[in-house]
Structure formats: C-alpha cells, structure tokens
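Following the hints, complete the assembly by docking chains B, C and D onto the known chain A.
4 protein chains.
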Amino acid sequence: MDKEDVVFSPVSEEYLATDFPGHIFAGMFCIIYSLWESTKSILKHLLKKKKYTYGFGSKTLFYRLEILQGIVILSLAATGIIVSLTLSGGHHLPLYEENHWNKLKDWHHVTVYLFIGMIGVAHILCFTISSVPVSLIKLMVSTAFFVETFIFHNHTHSRVLLDIFMHQLVGLISFLNGLVAFIDFLIQDNVLLELLRSSFTLLQGSWFFQIAYVLFPPKGSPIWDLMDYENSRFLTVCFCWHFALTYIIIGANYAFISWLIKFRSKKPCSSEVGLLKNTEHEQELEEM
Amino acid sequence: MDKEDVVFSPVSEEYLATDFPGHIFAGMFCIIYSLWESTKSILKHLLKKKKYTYGFGSKTLFYRLEILQGIVILSLAATGIIVSLTLSGGHHLPLYEENHWNKLKDWHHVTVYLFIGMIGVAHILCFTISSVPVSLIKLMVSTAFFVETFIFHNHTHSRVLLDIFMHQLVGLISFLNGLVAFIDFLIQDNVLLELLRSSFTLLQGSWFFQIAYVLFPPKGSPIWDLMDYENSRFLTVCFCWHFALTYIIIGANYAFISWLIKFRSKKPCSSEVGLLKNTEHEQELEEM
Amino acid sequence: MDKEDVVFSPVSEEYLATDFPGHIFAGMFCIIYSLWESTKSILKHLLKKKKYTYGFGSKTLFYRLEILQGIVILSLAATGIIVSLTLSGGHHLPLYEENHWNKLKDWHHVTVYLFIGMIGVAHILCFTISSVPVSLIKLMVSTAFFVETFIFHNHTHSRVLLDIFMHQLVGLISFLNGLVAFIDFLIQDNVLLELLRSSFTLLQGSWFFQIAYVLFPPKGSPIWDLMDYENSRFLTVCFCWHFALTYIIIGANYAFISWLIKFRSKKPCSSEVGLLKNTEHEQELEEM
Amino acid sequence: MDKEDVVFSPVSEEYLATDFPGHIFAGMFCIIYSLWESTKSILKHLLKKKKYTYGFGSKTLFYRLEILQGIVILSLAATGIIVSLTLSGGHHLPLYEENHWNKLKDWHHVTVYLFIGMIGVAHILCFTISSVPVSLIKLMVSTAFFVETFIFHNHTHSRVLLDIFMHQLVGLISFLNGLVAFIDFLIQDNVLLELLRSSFTLLQGSWFFQIAYVLFPPKGSPIWDLMDYENSRFLTVCFCWHFALTYIIIGANYAFISWLIKFRSKKPCSSEVGLLKNTEHEQELEEM
Chain A
2 MDKEDVVFSP VSEEYLATDF PGHIFAGMFC IIYSLWESTK SILKHLLKKK KYTYGFGSKT
62 LFYRLEILQG IVILSLAATG IIVSLTLSGG HHLPLYEENH WNKLKDWHHV TVYLFIGMIG
122 VAHILCFTIS SVPVSLIKLM VSTAFFVETF IFHNHTHSRV LLDIFMHQLV GLISFLNGLV
182 AFIDFLIQDN VLLELLRSSF TLLQGSWFFQ IAYVLFPPKG SPIWDLMDYE NSRFLTVCFC
242 WHFALTYIII GANYAFISWL IKFRSKKPCS SEVGLLKNTE HEQELEEM
Chain B
2 MDKEDVVFSP VSEEYLATDF PGHIFAGMFC IIYSLWESTK SILKHLLKKK KYTYGFGSKT
62 LFYRLEILQG IVILSLAATG IIVSLTLSGG HHLPLYEENH WNKLKDWHHV TVYLFIGMIG
122 VAHILCFTIS SVPVSLIKLM VSTAFFVETF IFHNHTHSRV LLDIFMHQLV GLISFLNGLV
182 AFIDFLIQDN VLLELLRSSF TLLQGSWFFQ IAYVLFPPKG SPIWDLMDYE NSRFLTVCFC
242 WHFALTYIII GANYAFISWL IKFRSKKPCS SEVGLLKNTE HEQELEEM
Chain C
2 MDKEDVVFSP VSEEYLATDF PGHIFAGMFC IIYSLWESTK SILKHLLKKK KYTYGFGSKT
62 LFYRLEILQG IVILSLAATG IIVSLTLSGG HHLPLYEENH WNKLKDWHHV TVYLFIGMIG
122 VAHILCFTIS SVPVSLIKLM VSTAFFVETF IFHNHTHSRV LLDIFMHQLV GLISFLNGLV
182 AFIDFLIQDN VLLELLRSSF TLLQGSWFFQ IAYVLFPPKG SPIWDLMDYE NSRFLTVCFC
242 WHFALTYIII GANYAFISWL IKFRSKKPCS SEVGLLKNTE HEQELEEM
Chain D
2 MDKEDVVFSP VSEEYLATDF PGHIFAGMFC IIYSLWESTK SILKHLLKKK KYTYGFGSKT
62 LFYRLEILQG IVILSLAATG IIVSLTLSGG HHLPLYEENH WNKLKDWHHV TVYLFIGMIG
122 VAHILCFTIS SVPVSLIKLM VSTAFFVETF IFHNHTHSRV LLDIFMHQLV GLISFLNGLV
182 AFIDFLIQDN VLLELLRSSF TLLQGSWFFQ IAYVLFPPKG SPIWDLMDYE NSRFLTVCFC
242 WHFALTYIII GANYAFISWL IKFRSKKPCS SEVGLLKNTE HEQELEEM
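So the protein sequences, as listed, match chains A, B, C and D. Mapping the first sequence onto the numbering used here, position 203 (from 1) lands on 204, and the numbers just tick up by one. Mapping the second sequence onto the numbering used here, position 119 (from 1) lands on 120, and the numbers just tick up by one. Mapping the third sequence onto the numbering used here, position 20 (from 1) lands on 21, and the numbers just tick up by one. Mapping the fourth sequence onto the numbering used here, position 20 (from 1) lands on 21, and the numbers just tick up by one.
Just so you know, the hints here were simulated from the structure itself, not pulled from any lab data. Among the hints, erroneous ones may be present.
[As the list claims (entries may be wrong)] Quick list of simulated restraints, FRET-style, between CB atoms:
#1 B:190 / A:224: 54 to 64 angstroms
#2 C:261 / D:41: 30 to 40 angstroms
#3 B:190 / D:65: 46 to 56 angstroms
#4 A:83 / D:230: 34 to 44 angstroms
#5 B:190 / C:188: 55 to 65 angstroms
#6 D:257 / B:33: 29 to 39 angstroms
#7 B:63 / D:72: 43 to 53 angstroms
#8 A:69 / D:44: 51 to 61 angstroms
#9 A:224 / B:221: 49 to 59 angstroms
Note that beta-carbon positions come from the ideal geometry of N, C-alpha and C, so glycine has one too.
So here's chain A without its partners, still in its complex pose (with noise of 0.2 angstroms):
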C-alpha cells in the first residue's frame, strides 16, 4: 500500500488502483465524523445557552442517535478492518508465512481501524449501561487517535521524501487530536474545544484527499515528482490552508445553525450584529 510496493511488486497498476480508494475512503470517514459531531457540540452548546429543556421524546432521540453513531462507527471500522485484509492484494490472511511477515502495512491499518471500533464499542455501552462513566467516549477517542499516531511513526520507513512528509503531517495532525482529546476528557463542557477537535479530524479528512490525489494520482490528474523538496515545502503551505479552511466550514457550520435555531425559534433573539446589550455574554467579556 505504499510507494516501494508500486516500484517493486508486478501488480503495480490494480495497487495504485486499490490504494487511491483506500485514502478516499478514510477522507470521507474523517469529514463525515467531524461534521456530524461538530453539528451535535454546536447545538448542545446552543440549546444549553437558550436553557432549552429537551421532553421526554427528545431525550429518548437523542439517545438513540448516540448508539446509532456507535453502530454506525462500529461497522465503518468493519468495512475497513475487511478491505484492507481482503481486496488489496488478495488472500493473505495469514500474517506470517515462508519466513516473512505478510503485508505488515495492512495489519498497521487494520489496528488503527480496531481502536476505532472501540470509540464505537464505548458510544453503544456508555448510552445503553449506566454505570459506564460517559467520559470512556472521550477517552477511547484520545486513545484511537495516540495510537494512529504511534502506528504512523513506525509506518514511514523506507518510502521517499513527500510519501514520508505527507504521513508525518497526519501523523502529527493525529498527536494533536489525540492530546486536545485527552484534554477534553480532564475538562468537560468546553464547547470550543469540541469544535478545535473536529477540525483537527476535518483538516485529516482534507489532507487524506490530499495524499491521495498527490502520491497515487488518477488518470489525467498531473504526476507529482515525489523526491522534489520543493513540493513538501509548498505542501507545507497547503496544510496551513486546508487548516484555515476547516476552521471556516466549522465557523459556517456554527452561523448556519445559530441561524436555524433562531429562526425555529421565532423569538426575537440577541444575536444581532451591532454593539452588545446582552447582559449574559457582557459578565463573559468582563471575566475574560
């Protein structure tokens, strides 16, 4: 799954083909997960903000929606776990034969899929068992994401200088997640926090689509030279923007809907451009 098996293994062409899917795939689970839980810190803030009481019937939703995202999780790392194992390559379930380890980049991946089950596993028993503390949630996410990190540091070797770069930076992006996860698990109710972390996990969606597009680039897409320091350094800038950029989709995430709720509300509400009169947010800016 990686640039030396393309160079060196006969089944170049159907790999390249196999392995752009897989960066796309793991793309659009990042963007997907950091969307919708970027949606769900926003409008828990919001409503606690409006002291909206949920009924009974909103509760029961809400729950049901956690585990849904549990199971939804849960089986999105499955179809990973079985992809890597099964169709890039062929059979090679047996992880040790003729005196080699087989295929050792797809057990890496089948590992950071495994600790993503758990984030799944803990959404299901912390929304079905009471005596679950539901900080597990965070935590297992701070957990999924070190290991990712761990997993990437030890998966670099002997690849060339923008296939190394590029996962560096994931993994980077992944240490960073992870500790601003365990932070949130020591803090609680920070909803700027919440946000910071799904666009962490954005700006991984984004810059998976990145990585595939410049190290396994498809029919007419143009051909990277990847062993030119040039490009990691102007691949250096385009992180920062594809950072940038998720911090306006999760700002626009938040304006649409503060929007949406104001205007379900149908009350004159106070967010108004103009100099504050707010009394509640005014105390916030004195204690700031």
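Relative to the frame of chain A, chains B, C and D by itself:
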C-alpha cells in the same frame, strides 16, 4: 542481562537462564499490581456512586489492606534488588573493581526497584501517620515510572535493533504511566484516569512477557532474528494489540465487579441494558 | 528573502533593501500589539481589583475599541500579505510556473499573515455577535502562533548557521506564545499569564529587529559573519537579555498604569511601599 | 570554565582552582535555597492544617523574612555575576575585542545569575507593593529555571562526553524544575508540588557538587576518564541515587518540623503511628 553479554560472555547459557525469569518476574509484578489497583479503583468508584457508607470495621480493614499492600510492594522490591545483585552471575556486589564498573545494568535494575520500594514506603506512611498528605502515593508512583523511563533511556546502548526497539517501548509506556500518574496526582478523583494508569501498568507487564519470549526464547520457542527490521514492524502492531487487550481486561474487570456488587446488594439495579431512565446518569450525559 | 537568495540572485542589492524593512515591519507589529495588549490586561486587572464599575458609556467605548483593534489587525495582516506578494521582487502572483514553485518563502509569510488576519476576524465576531464564545480570540491567537511555529520549522532549509539559529529562536518563542495562549484559553482570568504572553510577543518583536540588523545589516552597521559558531553563542546570551528586557518593560508599564489610576482616583491608595496592611493582599499571600 | 579551556589555555592550573569553587558555590546556593524553601512550605502547610492563626507580630516577622530572602537572593546573584566577570581569568569585561567574543561562557553564567536576581526582585516587590500579584514569585522562579535550561542547552558545544552528559542532566533538572514551578504557579496551594520543586533544587545542588568532583577533581581526589562511556552509565545510576536522597532529606525535614510543632504545641497530637482515627484525614483518604 542483554544480548551483548550473550554474545561475548562465556557464561551466556547460564545468563539466558537467569534473564528469562527476570523479565517474567517483572512482568508478573506489573500484572498483579495492575489488577489489584484497578480492582481497588473500580470498587471505590462504584461504592461511592451508590453512596454506600463503610462501617468502622470495613474502614479499618481497608486501611490494613493498604498498609499490607505497602509491605508487599516493599518486599517484592527488596526481592528484586537482592536477586539482581546476587543471582545473575554470582557475587559482584563491589561496584567498582579492577578499573571498570561492575555489571552496571544490574545496578540500573536495582535503582528501578529502589524507587518501587519507595512507593511501598509511601503507602505505609500515608496510612499510619495522619500528617502525611495522601496524594504522596500518587506522586511516588509517578516518580518511580519517570525514573524508570530515565534509566531505560540510558540503558540501551550497544544493543541490537530489536532489543533497543522493545526496551524503547517499555520506556514509552513507563513515561506515559508516569505522566498519567502525575495528572492523577494533580486532579484527583477521576476513575477513568486511574483505570488508564492500571491499563498502562498491565501493558508494561504483558510487554515484559513478550520481551522475555522474543529476546530470551526458552527451549522449544521459535528464535527471533534480532536484526530484522520486519520483526520490529510486526512488534509495532503487536504492541497495539497488547494495548487493546489491556482495555478489554480492565473493562471485563469493571463489568465483573459491577455485577458482583449488584448481585450482593440484591436490589433492583439501574444498570439495565436499554435506554436509560437513571436521572444522575442523564445529568452526566447532558454535562458532557 | 533569505541569505541563499542573496548569494544566487542578481537582484540581491534590491532584495536586501526589501528584506530589512520586512523584518522591521514584523517587529514593529509585534511590539505595538504587545504593548497594547499588556496595557489592556493591566487596566482590566487593576480596575477589577478596585471593584471599579464601568458606566454604560465606557462599556460601549470598550467594545468599540475591541472592534477597532480587530480592524487594525485585519488591515495590517492584509498589508503584510499584499507587500509580501507584490513588492519583494515584482509580480509573482502565479504560484506555479515553468515547472517550479514560485517564491515559496513569500507564500510562507502570506500564510502567517493569513492566520494573524483571522485573529482580527475573531475580535470583530466576538464583539458584534453575542452567540460567539469570547474565548475564541484566545484560541485564534494560540492557533496563529502554532501555525507560525510550524511554518518556521519548515522554513529554514538550506540556509547558513546564524540564519537558521535566529529563525529557530523565533520558532521557539512563537511555540511558547502559542502554548501560553492555549493555557490562557483553558484557564481564563490570570493576569500574569496574559502579561507573560505580551512579554513573549514583545520578545518576538525585538528579536525581529535583531534579525534585521544581524542578517540584513543596513549601510553603516557592522557585518556579521553568518558562519561563525561564536556568534551563535553570543546570540544565545543576547536572546536572554532581550527576554529580561521585555519583563522590565512590561513591569514598567504595570507600574506606570498603577500610578496613573492612583493619581486619577485621588484616593489614598494602599499600594504604599512598606510592610503591608491590606487585608485582601494578606489573604492572597496566605493562600500562596 | 570548561574542559576545553583547561586543555588549550596556559592558565589551566589557576583555572581549575577557580572552576571547582564555582560549581561548589552554585551547589551550596541551590542546597540552602532548597532547604529554606522546603522548611517554609512545610511550616505553612502544617500550621494551616492546625488552623493556627498568626498574631499581627508574627505576620510582620513573616513579611520581613520574605523581603530578607529577596535581598539575600539578590546579593548572592550579584556576587555570582561579579565573581564570574572578574575573578576567573582577570579583567575581561569588554565582551567583544580583537574580532572575537570574550569568555562567552562566563557571560552565560552571568545571564543565569541575572534571572536568579530577578527572583529576588520579585520577592521584594510582592511583599512591599500590594498591587503586585503574589504569584509573580513563582512565575519568576519558573522563568529563571527555563532560561537556565535554554542556556545549558546551548552551553555544551565542543566538550568531552562526560562533561556534556553531566551538564545535560543539569539542563534536565532545571527544565523539570521550571515545569513544576509553572504548574505550581497555575494551580497554587499544593504542598507536595512545592516540596517536589525543593527536591529538584536540592538535586541540582548536589549534582553541582558531583560535577565539581568529577570534572575538576581537587588534589587527592581520583581523576575520572572523561571519555569513558562506562562512566556515563554509572553516573546515570548515581543521578537517580542523588534523587532518592533528596526525597529522603525533604522527608526527614518534614518529619522534624512535624515533631517540632507537636512538641511546642504540647497538645496530644493526632499524628500517632497506628490505624487512623482522624476524621479530616479520613475524608482526604476517601476522596483519593
């Protein structure tokens, strides 16, 4: 006590024999300590949640148990020190003789055991003298793991690839363990943090077993090629699986103790599988 | 915009001319921002301590000032972007031409200014729309400094010793600045943390001046040997003296504003030199 | 003031003579500072626990003592600066002469003493001017240790193995010391954190003694082979033993002061050895 000695020393055979049990001893120590600590944390958390009040008798029992734990840790550490200095290669108590340092690696192990012994001392002091702050135990645990990290960081010189890699991973876990113990020392009273700590200790224990079987295979086990880079890549994956396993074991322990408390209290318990009706848990979920 | 270009490009003379003011511009920006921010923090802290209540008029003024600050930051960032892209070497807006990336270092600078501009946007949003959490500004500041660190870390390739060393130090300060801003974002309302942040920003500003004079000496200034290791050792010391100086400047600002408030309030003030009789301060001292 | 100078300079004999006392001076400074600070922390903690209320007289005495401490630190730092610049090799006050920097390492030491002097200034300011936040002292301590780390990190160029290793360890302790001081600055009022800080300072002091005896052995002491890797491995162990010793010394100080307070208050004290009956301590234990 390392590969290097195996190659250059005439007593290699005998050396191997003492080194395999050395890692098994350390592994057993970690595993038992971890299971004991996790059981204690879970029991305390669940009883506190049920607002269970201890009678005077059970409190006295609890203190006696803590002091006993201190004594057990202290005696195991003493055993470790004595065995390191006497059994592995005979009488080399004098540190410096004939112009060179004598068996420095054993002294490295002795130092680690010394700090583990200090955890035992902290246990005994905190539960017998009331003016000692009780968080001393956690500070001492954190210190012991950081010292272990420091020792392991300066422990791997002139070894072979796989030996270095596996001991670096021990250093990584003990660093994380020290870090989590320090955060726990600062924050207090977060059950998941304590279980995370137990989980890292369990991981360290099971990894010592893995080291024993990879670096010092007993008769009948397969011999690993210690210079093969592929092996180190497999062990990366393997390490993560160990980690996932520790989560499952600690989780199973949690489930078992929950069930035990529910079974013994003979009250209809709210932790039934299904959508939650428990108000306290709901509050927690909303605050999330 | 670096030494390398000076050596290989025929427009080096003109280049030097644009590079010296570039660093002076960045330095001035940091110094003014730092002094403004520190003045604001000190004022808020001292007025809050005196339980001074703002009238409605002063509040409106305060909000207008914050929005003004946002607009100023935004326009300076825009200036930085435009100057980076147009003045230094003419028209090179197309990023990619003739098979190589065009003036990537300028795009690095543009990216840094982009994130600084986002601080300005956060200022404007937080003080015009009430549903935006006010700590967004601090998160944005932290993000901008971390992105700057990231850019500078990948910015120093193929330069000479002193150039690398001085830019690494900029990276170090911006990392520390980002870290302290993030802690400030999490903790809130610690005046010393805010002043520490101002102090780092001031240090960065004065260090940009130092860089301008060392790497791009204007006519009449002594020329530094950029390959001399001794110079880097002197600059280590020099950096610490800059740091000490920032503490002194921020401290002098604190003293000046204290005196100003005392002078204007015309009340006998408790901040007299001598043994303290102030009860509030005594409490603080006991809690220390 | 390092090995390198010893080899190349004709005044090496005299140099050794000034370098040994230089490290002994720094070591004594750290040890006395550490013992004084730990005594203060323990006293405050135990008196607060006993809800002991100071009379007006003892408070005035306490403030005077703090100011005295500031003056002592300031004058010791001044001594350090003057000695570094004048005694070690005569009159070399001009920093730059004959096209090279003059005795840069002495200026490194001067910078460290400068920041230590600023701790003294903070002490004096906080206890004479009431508008200064009292946590300034802790921030200043943290800054001084981080600056020391920065200086030591850039201090070890072109030295021999053992010299580098021992100074790296000084860098490590001063980094940890700065970190713990910063956490203490953020959290406040955790006696164990303050004692941990004292323990690190004590470790630094005793390590300076070790450095003096290893790198600049006085007549009669054994000469160490500074290029021998085995020695560095022994010093790793040795460093940990120093660390364990500092815990024991701080612990003994705690026990001694506890006993002194109990002895002077002549009340039957609850800190008797045996199972606890103290309710406050029990609460603490339950919360653990």
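Exercise. List, from low to high, the hint numbers that the structure doesn't satisfy.
Key: 3, 4, 5
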